[in-house]
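Q: With chain A's structure known, arrange chains B, C and D on it following the hints.
4 protein chains.
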Amino acid sequence: MLYIVESYQSGKALKEEIESRGIPAWYVELWGNYIVATPPGTKIDGLRTPVKAVVELKTDYQLVSRQWKRDPTPVVIGDREIREGKIFIIAGPCSVETEEQILTTARAVKEAGADALRGGAFKPRTSPYTFQGLGERGLILLAKAREATGLPITTELMDPEDLPLVAKYADAIQVGARNMQNFTLLKKLGRAGKPILLKRGFGNTIDEWLLAAEYVALHGNGNIVLVERGIRTYDKTLRFTLDVGAIAYAKQHTHLPVIGDPSHPAGDRRYVIPLALAILAAGADGLIVEVHPDPDKAWSDAKQQLTFQQFEELVAKAKALAKALGKD
Amino acid sequence: MLYIVESYQSGKALKEEIESRGIPAWYVELWGNYIVATPPGTKIDGLRTPVKAVVELKTDYQLVSRQWKRDPTPVVIGDREIREGKIFIIAGPCSVETEEQILTTARAVKEAGADALRGGAFKPRTSPYTFQGLGERGLILLAKAREATGLPITTELMDPEDLPLVAKYADAIQVGARNMQNFTLLKKLGRAGKPILLKRGFGNTIDEWLLAAEYVALHGNGNIVLVERGIRTYDKTLRFTLDVGAIAYAKQHTHLPVIGDPSHPAGDRRYVIPLALAILAAGADGLIVEVHPDPDKAWSDAKQQLTFQQFEELVAKAKALAKALGKD
Amino acid sequence: MLYIVESYQSGKALKEEIESRGIPAWYVELWGNYIVATPPGTKIDGLRTPVKAVVELKTDYQLVSRQWKRDPTPVVIGDREIREGKIFIIAGPCSVETEEQILTTARAVKEAGADALRGGAFKPRTSPYTFQGLGERGLILLAKAREATGLPITTELMDPEDLPLVAKYADAIQVGARNMQNFTLLKKLGRAGKPILLKRGFGNTIDEWLLAAEYVALHGNGNIVLVERGIRTYDKTLRFTLDVGAIAYAKQHTHLPVIGDPSHPAGDRRYVIPLALAILAAGADGLIVEVHPDPDKAWSDAKQQLTFQQFEELVAKAKALAKALGKD
Amino acid sequence: MLYIVESYQSGKALKEEIESRGIPAWYVELWGNYIVATPPGTKIDGLRTPVKAVVELKTDYQLVSRQWKRDPTPVVIGDREIREGKIFIIAGPCSVETEEQILTTARAVKEAGADALRGGAFKPRTSPYTFQGLGERGLILLAKAREATGLPITTELMDPEDLPLVAKYADAIQVGARNMQNFTLLKKLGRAGKPILLKRGFGNTIDEWLLAAEYVALHGNGNIVLVERGIRTYDKTLRFTLDVGAIAYAKQHTHLPVIGDPSHPAGDRRYVIPLALAILAAGADGLIVEVHPDPDKAWSDAKQQLTFQQFEELVAKAKALAKALGKD
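Residue numbers (the numbering used here), protein chains in the order written: chain A, 1 to 328; chain B, 1 to 328; chain C, 1 to 328; chain D, 1 to 328.
Excised from the complex, chain A in its bound form (with noise of 0.2 Å):
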């Protein structure tokens, strides 16, 4: 249940009165709103802290729940914003290898039509015996991209301990895919104060996609952005399955922005572009994209990272689709 209530000391009275009768309950501020939320069919009868509403909703999931906030969140990276009525692309590479790999990716993304800069410093590596990552030397370097281009910069946190590393740097953080469902990391993100960008999990299902942006929104932070990458499934051709219903739902059940990256499910540059314009197709406000100066020599993901050619291709085409679809 969601108490919807006039102020902080309302709600810190009601989260008191609640946990008096042996029910747990959580204080948050979100979206413009005081909120006190209880477990999901706990109906409380007979509380004497005025309320201004309650929601009570059947899904598990609730403060990320379309049926109570009708209007859609958009959430600020750096100066832009993503929201619903036009696409938002991220551009960038798999890794940051060097400096001059980033700043002359960050100037041809930019110049092509992007809105931020992606690039992995701390890498999630299937083998332990694979690069993975620069660490905070790939965020400097980040940081250097956006001083010389104005776009602002998402990358990857995969260690709870690096939050405050990571926040220094990044403009927003991502969530890979292999940390969905890390409790523990997305408790701490509640207090990261920078926006999230939720990957699905390969093997998670949608309704846990948007518990785990319920986690990260209950413990403190609405500004969550939800990434479909690309599913296991038994078919192998690709890398992964894009899932666009899994778009087509979470835009209709969640007021959050989704977004898409349809580079880890392609595997191979040559479906990037078809499946970026399904993502869009479907629904989605943005993409996350792959992209790289000279691909086949890239660190990590070489078969799957765009040139720069076939970036400006995408964001043409994606363009010329959002008009189509009425969108900016």
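Any given hint could be a false lead.
When chains are identical, the list treats them as one kind, so a pair holds in a single copy or across two.
Under the rule of at most 25 Å between Cα atoms (straight-line distance), these lysine-lysine pairs were calculated in the DSS-like manner [what the hints assert, rightly or not]:
{"#": "1", "residue 1": "K327", "residue 2": "K317"}
{"#": "2", "residue 1": "K297", "residue 2": "K144"}
{"#": "3", "residue 1": "K86", "residue 2": "K110"}
{"#": "4", "residue 1": "K323", "residue 2": "K86"}
{"#": "5", "residue 1": "K168", "residue 2": "K327"}
{"#": "6", "residue 1": "K58", "residue 2": "K303"}
{"#": "7", "residue 1": "K297", "residue 2": "K58"}
{"#": "8", "residue 1": "K317", "residue 2": "K86"}
{"#": "9", "residue 1": "K194", "residue 2": "K168"}
{"#": "10", "residue 1": "K317", "residue 2": "K194"}
{"#": "11", "residue 1": "K43", "residue 2": "K297"}
{"#": "12", "residue 1": "K319", "residue 2": "K86"}
{"#": "13", "residue 1": "K86", "residue 2": "K327"}
{"#": "14", "residue 1": "K58", "residue 2": "K236"}
{"#": "15", "residue 1": "K144", "residue 2": "K194"}
{"#": "16", "residue 1": "K144", "residue 2": "K168"}
{"#": "17", "residue 1": "K188", "residue 2": "K110"}
{"#": "18", "residue 1": "K303", "residue 2": "K236"}
{"#": "19", "residue 1": "K12", "residue 2": "K86"}
{"#": "20", "residue 1": "K319", "residue 2": "K43"}
{"#": "21", "residue 1": "K58", "residue 2": "K69"}
In case anyone wonders, no lab produced these hints; they're calculated from the structure.
All of these numbers come straight from a predicted model, not from anything done at the bench.
A: Just chains B, C and D, lined up with the frame of chain A:
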């Protein structure tokens, strides 16, 4: 291996020559070519029969590959054509129910811009206790709807014995997902004399789908349209997971037209339009979509069929999107 | 609903009475019962025809449910019986290749303790270019092997038109995974006069498997053995993922015998024995396993067929395990 | 590549020598060996430091491979040992709830023949609104249960920051399915000083599971037990699909002990015993199973926990089966 020859006579001669060496060979006339096909990897030196071109492919499918036939194959259905560069929309109810139902639907979808009418007369049903279709009476009603509207009709064939009956009425014959690897049926469709809409099985890989098409082609019928309709994955939020990657892949690796069915993966009409647009954005040449005059009262698939009004909205959006992508 | 009646006459009368009320009804004689079946949920009051018992189930499958028929159904194959409480082992090559191959195998597997011989004469193959089986000649060779060893024989039927031919030779007819939802075939098998080994489709749920059995039973044939053979999942380390949970579930929810095929999920003979033992430990009533005199030279499934020696090892371990579980 | 050397000194020297050539190297002491590891495929000629043996593997995992270390690795938990050739049973409730609950359970499972007690103090929960475990208080209660029964205890670690706390109480530390690719956590467990029970992620391949073990080993901890607990597939009849093939594969390709969890894939206590027996028959070295004094009242996983009586039945059957398979 594919051996392209000059004439029927050369083809027959070459087939005999190859078989005399103990290698199986098939002779087919497809897409304006005289072709002798042998299993992949069976290179034969010193053939006496003159050959125009030898095609060696690394894939298991050969005839349907775009590697040797780079121009896309158009497929004629009734008096219309599915082809690359435009979009073709097939619409109609899951099952033919009554004369009024099918005539009303035919008129409505034609008015809205559909290119063909679909309707099931023989229904593959998971339970033996549920409605199995009107059988021949359904075919007769479809033919009436064609007469009334001029729309060509497509319908599913389940029992190979019913092929003459279905071919008598239908302008194109659908192979359902559950029959995609019914090799007996596929071979017989090689001699159907009608175009085939080949749905991908919900548990089948892309390669198996293309090899199912190869079965039909190798047995003489090159008029095949591939239909992606969603696969089974661990996520059950929607009914199936639409695999837009399969569309992108099939468009690049085969010369056959590829269309998508948004109704079955959606399983709920709220998600049909976004999935339909994603199908087209991924590169498909058209759609096959379920539409019903009063979906909630439909005898099968009630939840997922579109109303006439929703179908009009879909066509309008599809056409805008197609235009933005440079299609007719 | 199932209505158990006293006699053929009552059954026919009841069927007519129910149909006269506009409800579909089927009359079958199965497992010593005279049964009229109607779709689940169709409760009918005030029937005039006398009824011994009315069975109302919450599942979509009815006849094959263990809820009303609590005693396990034995199935007779040749002069032997598959039944709960013992283990029944069917062994033989993937495909019948030559007279020597099938005779040698039949003798070896009999010697080792097999209860029946398997061998494919009609082979469902993903590619149209690969070996499709010897056809009737394969059936004749199987019959010779039966004559030589006394082992009953089982083989796959693909084309409904071949039913009389296959039924003439085989002691039990296999339905392959790809045909599990070939409803045309299932209905015809209802009148096959031979026991059916019904393989689960690799993309099908347990419920769909039980409903496929219901198709066969409702059309008159109650001699059905369920065969779990692995499903498609995202993990491709082995060929398929053997679903032992499906065995445990099917044993509790249906009265039909359940056996398992360890060869197809293993895909490699190194894993066949552990999978076979897991099948039995999960509660299966037997095994169907591929054995070949010289597996590396087999015309199909070369990697996964056992040698004679491995099969002997399997039988010894299976018997020890069965004994430990309190089986014969 | 793995370089086996004579001593700590040689190892350090070799690591430096290799790194001086620009190749990453790790030094570890594991299972009685001094090992320098470099990424697979990095063959280095002309090394000056003397080397006892060079191991070149084609797999991405190296240390945990059975190709070079053919003898199985035993893992000591408390005063007991998980090792090939016997079965080790860990049992206990999903979550530690109360002192009485955990003490009663510990006594009952010990009496029935369990080798260790499990119990969750930190619970990874899909929803932020559900019970997240007692935290340190749960650890203290587990320690009391150990004191009372002598059973070693195992419990899950979620937050890397809690490692010192958990290591203080637990005899073995569990990594949950959702954390199998939490590489930050895996690296820290390399220095945990306690054995690790590494659950396979429900969306992870077998190779990823072995590489997760490689992470732990490469960071210094060779006391790893692999735990198969079911994967996500399209079939939802049971909670997860137990992958017995993964057990068979892991036993052949790694020298680490492998156990199975039948409770989570079953999701319902009716299926736990058959799945447990299938796990053992597939070759596993033991079980980890949920048992509760009053399962229906459990605070989590109520449906799948065994009663004490069912656990006794399980142990009796498991021991009979183990004996039949030639195990202690």
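Q: Is the C-alpha distance from K188 to K110 at most 25 Å within one copy, between copies, in both cases, or in neither?
A: Answer is neither; intra-copy 32 Å and inter-copy 39 Å both fail.
Q: Is the C-alpha distance from K168 to K327 at most 25 Å within one copy, between copies, in both cases, or in neither?
A: neither (33 Å within a copy, 47 Å between copies)
Q: Which holds for K327 with K317 at a C-alpha limit of 25 Å: within a copy, between copies, both or neither?
A: Classified as both; 13 Å inside a copy, 13 Å across copies.
Q: I want to check one pair: K323 and K86. Are their C-alpha atoms no more than 25 Å apart within a copy, between two copies, both, or neither?
A: both (9 Å within a copy, 19 Å between copies)
Q: Pop the pair K319 and K86 into one bin, within, between, both or neither, using alpha-carbon distances up to 25 Å.
A: Intra 9 Å, inter 20 Å, cutoff 25 Å: intra and inter.
Q: Checking K319 and K43: alpha-carbon separation at most 25 Å within a copy, between copies, both or neither?
A: Neither. Shortest intra-copy (47 Å) and inter-copy (48 Å) distances fail the 25 Å Cα cut-off.
Q: Between K297 and K58, at a C-alpha cutoff of 25 Å, which is it: within one copy, between copies, both, or neither?
A: For K297 and K58, only the inter-copy Cα distance (23 Å) is at most 25 Å; the intra-copy one is 50 Å.
Q: With identical chains, the pair K144 and K168 could be close in the same copy or across copies; at 25 Å between alpha carbons, which is it: within, between, both, or neither?
A: within (13 Å within a copy, 44 Å between copies)
Q: Indicate which option fits the pair K58, K69 if close means a Cα-Cα distance not exceeding 25 Å: within, between, both or neither.
A: Close inside one copy (15 Å), not across copies (39 Å); limit 25 Å.
Q: Indicate which option fits the pair K86, K110 if close means a Cα-Cα distance not exceeding 25 Å: within, between, both or neither.
A: For K86 and K110, only the intra-copy Cα distance (17 Å) is at most 25 Å; the inter-copy one is 33 Å.
Q: Tell me, please, which holds for K317 and K194 at an alpha-carbon limit of 25 Å: within, between, both or neither?
A: Neither: 31 Å inside a chain and 36 Å across chains, both beyond 25 Å.
Q: With identical chains, the pair K144 and K194 could be close in the same copy or across copies; at 25 Å between alpha carbons, which is it: within, between, both, or neither?
A: Only inside one copy: K144 and K194 sit 19 Å apart there, 43 Å across copies, limit 25 Å.
When the structure is compared with the earlier hints, violations turn up for hints 5, 10, 17, 19, 20 and for no others.
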